[in-house]
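Q: Chains as they are written, first to last, in our numbering: chain A, 1 to 473; chain B, 1 to 65.
These are computed hints drawn from the structure, not numbers from a lab. Watch out, some of these pointers could steer you wrong.
[What the hints assert, rightly or not] Restraint-style ranges between C-beta atoms, simulated for each label pair:
no., chain 1, residue 1, chain 2, residue 2, range
1, B, Lys61, A, Gly111, 43 to 49 angstroms
2, A, Thr237, B, Glu39, 36 to 42 angstroms
3, B, Lys61, A, Lys287, 50 to 56 angstroms
4, B, Thr41, A, Arg52, 39 to 45 angstroms
5, A, Ala28, B, Asn18, 32 to 38 angstroms
6, B, Glu14, A, Ser317, 50 to 56 angstroms
7, B, Thr41, A, Pro412, 42 to 48 angstroms
8, B, Asn18, A, Gly49, 53 to 59 angstroms
[As the list claims (entries may be wrong)] Calculated lysine-lysine pairs in the DSS-like style (CA-CA distance at most 25 angstroms, straight line):
no., chain 1, residue 1, chain 2, residue 2
9, A, Lys115, A, Lys47
10, A, Lys458, B, Lys60
11, A, Lys114, A, Lys40
12, A, Lys404, B, Lys61
13, B, Lys60, A, Lys446
14, B, Lys61, A, Lys446
15, B, Lys60, A, Lys200
16, B, Lys60, A, Lys391
17, A, Lys267, B, Lys42
18, A, Lys447, B, Lys58
19, B, Lys50, A, Lys404
Cβ atoms here follow ideal geometry from the backbone N, Cα and C, with glycine treated the same way.
Chain by chain, the residues:
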Amino acid sequence: MREAKEVDLMNFKERLVGLEFENPLLRADGTIINQEDIQKFWNAFIKEGDERDADYLTGVLVGAKKKLSNGKFESLNTDTGVTTLEMSLSPCKSLDEAKKNYDEVRTAVLGTAKKLGFRYLGYAIWPRTFVGKNPYDYKTKKSLYAALNLPRHNLQLPITAHQTGISLRADEVLSAINTLQALSGTITCLSANSPIFEDKIMPWKETRLVNWNLTSTSAHSQGEMDIFAQMPSRPFTSLADYFKYIWRTTLVLPMLRNGQWVKPNQKLTPIEYLKGTKWPAKDLFGKDTELEPTLSDLNLLSICSWMDAKPHLVFKSSAVTLNEFLKNLEADTLDEYIKGRLVNCYMEYRIGGSSPAGEELALPALSLGLVNNLKRAEKLVAKYSWADWRKLRGNSYITGMGGKIGNDDIVPVLQELAEIAQEGLKMRSMGEEKYLEPVNTRIMEKKNPADKCIEVFKEKGMGGLLDYVTYTK
Amino acid sequence: MPKTTVSKAKQVEEILDNNRDIIPNFFRTVILNSFQEHEPTKFELDAVIKVLTDEIDKVKKYARG
Numbered sequence: 001m002r003e004a005k006e007v008d009l010m011n012f013k014e015r016l017v018g019l020e021f022e023n024p025l026l027r028a029d030g031t032i033i034n035q036e037d038i039q040k041f042w043n044a045f046i047k048e049g050d051e052r053d054a055d056y057l058t059g060v061l062v063g064a065k066k067k068l069s070n071g072k073f074e075s076l077n078t079d080t081g082v083t084t085l086e087m088s089l090s091p092c093k094s095l096d097e098a099k100k101n102y103d104e105v106r107t108a109v110l111g112t113a114k115k116l117g118f119r120y121l122g123y124a125i126w127p128r129t130f131v132g133k134n135p136y137d138y139k140t141k142k143s144l145y146a147a148l149n150l151p152r153h154n155l156q157l158p159i160t161a162h163q164t165g166i167s168l169r170a171d172e173v174l175s176a177i178n179t180l181q182a183l184s185g186t187i188t189c190l191s192a193n194s195p196i197f198e199d200k201i202m203p204w205k206e207t208r209l210v211n212w213n214l215t216s217t218s219a220h221s222q223g224e225m226d227i228f229a230q231m232p233s234r235p236f237t238s239l240a241d242y243f244k245y246i247w248r249t250t251l252v253l254p255m256l257r258n259g260q261w262v263k264p265n266q267k268l269t270p271i272e273y274l275k276g277t278k279w280p281a282k283d284l285f286g287k288d289t290e291l292e293p294t295l296s297d298l299n300l301l302s303i304c305s306w307m308d309a310k311p312h313l314v315f316k317s318s319a320v321t322l323n324e325f326l327k328n329l330e331a332d333t334l335d336e337y338i339k340g341r342l343v344n345c346y347m348e349y350r351i352g353g354s355s356p357a358g359e360e361l362a363l364p365a366l367s368l369g370l371v372n373n374l375k376r377a378e379k380l381v382a383k384y385s386w387a388d389w390r391k392l393r394g395n396s397y398i399t400g401m402g403g404k405i406g407n408d409d410i411v412p413v414l415q416e417l418a419e420i421a422q423e424g425l426k427m428r429s430m431g432e433e434k435y436l437e438p439v440n441t442r443i444m445e446k447k448n449p450a451d452k453c454i455e456v457f458k459e460k461g462m463g464g465l466l467d468y469v470t471y472t473k
Numbered sequence: 001m002p003k004t005t006v007s008k009a010k011q012v013e014e015i016l017d018n019n020r021d022i023i024p025n026f027f028r029t030v031i032l033n034s035f036q037e038h039e040p041t042k043f044e045l046d047a048v049i050k051v052l053t054d055e056i057d058k059v060k061k062y063a064r065g
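With these hints in hand, go ahead and build the complete structure from the sequences.
A: Written as C-alpha cells, this is what we have:
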C-alpha cells in the first residue's frame with residue numbers, strides 16, 4: 001500500500017484497467033522458498049535500469065520496479081509470504097495493452113525463476129506447505145507487518161489472488177460496490193483454484209477464503225472482523241453509509257509520512273483521527289512525533305477495507321478539505337460531494353483466484369465487462385435477495401460450480417453473468433470479449449480450475465500436478 | 001490468562017484436535033502459536049471458535065453431505 005500521487009485519471013473515455021496478480025514461487029520439488037532464496041531471486045531479477053525496493057526499517061530487499069520496453073516502471077514485491085510474488089501493473093486503456101505489459105513482466109519473472117531452479121505457479125497452491133516449519137521464517141520483512149496488530153496475520157502467508165482495478169465514474173461508486181459485492185460468490189464459483197494443501201485434497205476448493213475468514217479473528221470487534229473478510233449483512237445505502245461501516249473500528253494501518261509508517265499513540269477511529277488537529281505519535285524507530293491529519297491520510301483511510309469489492313477514491317487536493325468531507329459524511333451527502341472532486345476513482349475487485357497459465361485475462365475481462373454494463377448487472381443482482389447472495393458467497397469456496405443461489409442451480413446464473421460481461425465488453429468496441437473464452441469454457445464444462453487441479457492430482461500425483469500448474473513460458 | 005480465557009483457548013485446541021481431517025496443520029500451528037505470542041481477548045477466542053465451527057459445519061454440510 002503506497003501514498004497515492006495526485007495524477008488526474010478521471011478524464012477517461014473508456015475505463016482504464018489495472019492488474020494485480022499474485023502467484024506462488026516455489027522450489028523445484030514444490031517446497032516453499034525461504035528468505036535466502038527470495039534474496040537470490042531479487043538480486044538475479046533486478047537488471048540495469050530497474051529499481052531496487054528495500055524496506056526502510058528492516059533494510060531487506062522486498063521488491064523491485066521493473067522498467068518495461070515502453071519506459072513504464074511496474075512494481076513487484078513479495079506479499080505477506082516470501083513465497084508469494086505480487087505484480088501491480090499500472091492502469092491501461094485496454095485489456096490488450098494490459099496483457100502486453102503483463103506478458104513482459106511475467107517473462108522476466110519466469111526467466112529468473114528458471115535460472116534459479118524455482119517454479120512460478122499459475123495456481124494458488126502450496127502443495128507441500130509449511131508442515132513442521134515456523135511460519136515466521138517465511139514472512140516478508142516489511143515494516144508494515146511490524147506495525148500491524150493482527151495476531152493471526154501469518155495465516156496470510158500462503159495466499160494469492162488476481163485482482164482487477166477498473167475505472168469508475170463518481171456517480172457509479174455506490175452501485176459498483178453493492179453489485180460487485182453481491183456477485184462475489186459467482187466469481188469464486190468460477191475461479192476457485194486452491195484445493196490442494198499439505199499434500200492432500202482439501203474439503204474446499206479455495207483455501208484462500210478460509211485463510212481470510214480465520215485471519216479476521218485477529219480483530220477486536222465485529223466491525224474489525226467485517227472489514228477483513230465478510231460480506232456486509234446488507235447493501236450500502238450511500239457512500240457515507242459505506243464509510244461509516246468500514247470506519248466503525250480503530251485504525252488498522254498507521255499513517256504514512258514520507259514513505260514511513262507513523263502510529264498515533266492512542267487508539268482512534270478514522271473519524272476521530274480525521275477530526276483532530278494534532279495527535280501524539282511514534283514512528284517505527286520509536287521516535288516521538290506528531291500527526292496532523294491530511295488529505296493523504298483520508299485517501300489511505302478510504303481504502304482500509306479488505307472486502308471483495310473495494311473502491312479506491314483519491315481526492316483532489318485543490319477541491320476537498322477534511323472539514324468539508326466530514327461535514328458531508330455526517331450529512332449523508334458524500335455521493336454528491338465527490339462529483340468533480342476526485343483525481344482517481346476505481347474499483348478493486350479482490351475476489352478472483354489466481355488464474356491458470358494462458359487464462360489470466362479472463363477474470364479481468366469478466367470484471368471489466370460487468371462494470372461496463374452495471375445497469376444490467378444490477379438487474380441480475382435484483383433477482384435474488386441480498387441474503388441469498390451472501391449465502392452463496394459464504395459457501396461458494398466449498399461448492400464451486402455445484403452451488404446454488406436460493407433454490408436455483410448456479411450455472412444458469414453464471415451464464416447470464418458471462419453474457420452481461422460480454423455485452424459490456426462489446427460496448428467498448430475493442431474486441432476484448434475474446435478474453436472471456438476460458439470463463440465460457442468453465443461454465444460449459446461446469447468445472448473451475450480447482451476441479452481440474454483435483455483431477456490432475458488424482459491421475460498424476462504430486463509430480464504431475466506440480467508440472468501441470470507450473471508456468472513454462 | 002483469566003480462567004474463562006484459558007478454557008476457551010483449550011476449546012479451540014480441542015476443535016482443532018478433533019477435526020484434523022478438515023483443518024490443515026498450518027492453520028493449527030498459526031492459531032495455537034498466536035495464543036502463545038499474544039494473550040487473546042475473549043472476543044478473539046469466541047471469534048476463532050465461531051469461524052472454525054462454521055467452517056467445519058459447512059464442510060460437513062456441503063462437501064460431505
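Q: For the pair B/Glu14 and A/Ser317, does the Cβ-Cβ distance stay inside 50 to 56 angstroms?
A: Since B/Glu14 and A/Ser317 have Cβ atoms about 55 angstroms apart, the given range 50 to 56 angstroms holds.
Q: Does A/Lys267 pair with B/Lys42 here, judged by a C-alpha cut-off of 25 angstroms?
A: holds (19 angstroms)
Q: Evaluate the given range 53 to 59 angstroms for the C-beta pair formed by B/Asn18 and A/Gly49.
A: Once the Cβ atoms are compared, 56 angstroms apart, the range 53 to 59 angstroms for A/Gly49 and B/Asn18 holds.
Q: Given the proposed pairing of A/Lys447 with B/Lys58, does the C-alpha separation stay at or below 25 angstroms?
A: Given pair A/Lys447, B/Lys58 holds - Cα atoms ~21 angstroms apart, limit 25 angstroms.
Q: I want to verify a distance hint. Is the separation of the beta carbons of A/Ala28 and B/Asn18 within 32 to 38 angstroms?
A: holds (37 angstroms)
Q: Starting from B/Lys60, check that the Cα of A/Lys446 is at most 25 angstroms away, please.
A: holds (22 angstroms)
Q: Tell me if the beta carbons of A/Thr237 and B/Glu39 are separated by a distance inside 36 to 42 angstroms.
A: holds (39 angstroms)
Q: When you check the alpha-carbon spacing of A/Lys458 and B/Lys60, does it fall within 25 angstroms?
A: Measuring from Cα to Cα gives roughly 22 angstroms; hence the hint holds.
Q: Does the Cβ distance between B/Lys61 and A/Gly111 fall inside 43 to 49 angstroms?
A: holds (46 angstroms)
Q: Decide if the proposed pair is consistent with the structure: B/Lys61 and A/Lys446, CA atoms, cutoff 25 angstroms inclusive.
A: holds (21 angstroms)
Q: So does B/Lys61 sit 50 to 56 angstroms from A/Lys287, Cβ to Cβ?
A: Hint holds: Cβ distance 53 angstroms, inside 50 to 56 angstroms.
Q: Given a hinted range of 42 to 48 angstroms, is it respected by the beta-carbon distance of B/Thr41 and A/Pro412?
A: holds (45 angstroms)
Consistency note: the structure conflicts with none of the earlier hints.
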